[in-house]
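Which chain is which? The protein sequence lines are A and B, in order. Heads up: the first sequence at position 42 corresponds to 42 in the working numbering, and the numbers run straight through without jumps. Numbers given in the working numbering equal positions in the second sequence, counted from 1, plus 1000.
FYI, nobody ran anything at the bench for these hints, they're computed from the structure. Glycine included, each C-beta is placed from N, C-alpha and C at the ideal position. None of the hints are false.
To give an idea of the chain B side of the interface with chain A (calculated C-beta under 7 Å), a few residues:
1) Thr1141
2) Val1146
3) Leu1150
4) Val1164
5) Ile1168
6) Gly1172
7) Leu1173
8) Val1177
9) Gly1180
10) Leu1188
11) Ala1191
12) Pro1192
13) Leu1194
14) Glu1195
Incomplete in silico selection of chain A near chain B, CB under 7 Å:
15) Leu68
16) Arg70
17) Glu133
18) Ile134
19) Ile140
20) Gly147
21) Ser159
22) Pro166
Each chain, written out:
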Amino acid sequence: MNAAYLWILFPLIIALILLFLQRYKVLVAVVGTIISALLAGLAAWLPVQEQLFIWRWAIPFSDTFILLGRRLTLSASDRPSLVIIYFIAALWFGAAPIAKSGRLFVPFGLGMIALLTAAIAVEPFLFAAVFIEIAVLVSIPILSPPGRPTGRGVLRYLSFQTIGMPFILISGFMLAGFEVGPGDQDIVVIATAIMAIGFGLLLAVFPFHTWIPMLAQESRPYPTAFVFLLLPGAVTLLGLGFLDRFVWLQNAPNTSDLLQGVGVLMIVTAGIWASVERNLARMMGFALMLDIGFSFMIIGLATLGEGGSFRELFFASLVTRGLSLGVWALALSGLRSHVNGFDLKDLKGVGRKYPIILTSVIVAIFCLAGIPLLASFPMRLVVIEGLSLVAPQNAVLAILGSFGLLIAAFRTLSTMVTDTENDPWLANESRILAIFLMIGLFGLLLLGLFPNLLIQLLTDLPAVLGQFTP
Amino acid sequence: MIFDTYSLPAVFLIFITASFLLISWDWRLSITFISIQYVGVFFLVAVSWPIEIAVVKVISGWMAGAVLGLAMTNVPQDEWKESPLIASNVIFRILAASMAGLFAITAGASIVRLFPEVSTSQAYAGIIMIALGLLHLGLTTKPFRVILGLLTVLGGFEILYAAVESSILITGLLATVTLGLAAVGAYLLTAPTLEETS
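If we strip away everything but chain A, and leave its shape as in the complex, we get (with noise of 0.2 Å):
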């Protein structure tokens, strides 16, 4: 036994199984939630240790799998990583008949979760960066289903996310050459600004932005959230891998600068356009932007000093950015049979026929807005305190970018609200889609009033935190 066989080889040989019973939605979505919540709980149980005992049988289980003599490795620290990635992908497959996410959904997303899990697993950790981008192909048939024209939104993503892939690849390349001889500041710079691009390409920092609220309009907004959520998580997740692997670079005092004044440019852009947007789907991408670009705060600020606790920061920002577009995409995915578009003049009094969906659209927002009492708040508050200590200026900017996303809020509110028939105030909801909405908008409360939950959680998984220590 291996934990590669059970983390990647396992969902993924269950994936191409459930693409062939695609026709079952239910029963495909139904599987593909036991599967992922049984590997998360056994991420969470099984004993790390060389043999495994079931009854009176002892196995022998190893973290490492030889493929092509490199070594793809599942550790005691990745466990951690493994439960919330397997978590979140069962919560997710649990929801998609609700969403009407589509046939191909459910296998093509677990098949994501284990290219992603092997990606974790990779060493050297830079060929991370092509697992990401086979995970990216896989992603398209969700994006882009049958029966649908292509759309321009889904080109682009494909590209700008194949074109990052080589710059990541060659940074890596060359800063491991730097360490390796040191001397010829030049290569640093070079292969600093080769990542940045790289990077700047997979998580859509702007001028590379466009394919975000493209893709959000375009496609059904469910599976678009996950992916949403899914890759640049992953991509983080690699880039934090380069500051662990090159110290010197974590510790290189224009690193903080770069990365705070790439969250800035993000926030502020996220939210300029986020104010004046008229789609609620493409205001889905660019609060995702404005969360993308807090990320790159929390580990700007982790580079100064206090690594540990800002990275415990930045996985519980993952969690509240998994459960915030949860909330916003399932509560559009409820909405998307009874109204033309999401253009916000489509939207004209949607809010009285369908008061939940409303209720989870706008605390979703408020959430990614960073609004007190809901799970963003805890987390912005301690970014925005470690920013006005070291550069005030990015937390008043921050502050604003946040307050274009408010406005985008009150703007939905105000329209969906608005009575054009003189129609009454009824819940015409499914049960079960108020049901799981109900459930995850008390999830958003629940770690907005008591985020210790959260940061005790991840403060208890001392591996998701890695080796980056100040």
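Go by the hints and put chain B onto chain A.
This is chain B only, laid out in the frame that chain A set:
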């Protein structure tokens, strides 16, 4: 090394095929050109790698071409038939390709300085493919053409990366990406004609 001898002709082969890819309007011609292009990639990768591993590049490239070609035969031709480019467009594209070639000559030396493992021919070919691939991507929004552009960019990167990294795993993964791109291209070409799923 025999492949060193053929590396400069391979650069010309790559430049010509990548330029023709820019101006060809018939998908059959385009697939023929990209298949020939992968022969050039093979010769340049073989400068750094053993022939039995370098051949992976040409096989994956040809398979990618075959996958795209099969997909195109299943697409309603009225939908994807492209009309020949007008003369001014052809001239513009040829000029742009020539400029990319000149850029490759000037930037090639810098690449060799940065990566001493990369030979001059590899640097020229890599930059030509990346530049012309990006140009191709910038001039189209059609899935078939986007995939050709991405394959060209990726081919250029593979030439450069082969000189600095010889891992078999990365060879296999990049071949998977090449085939995956072709498969995604085939899917995007045929998906609009498939039955809608809900």
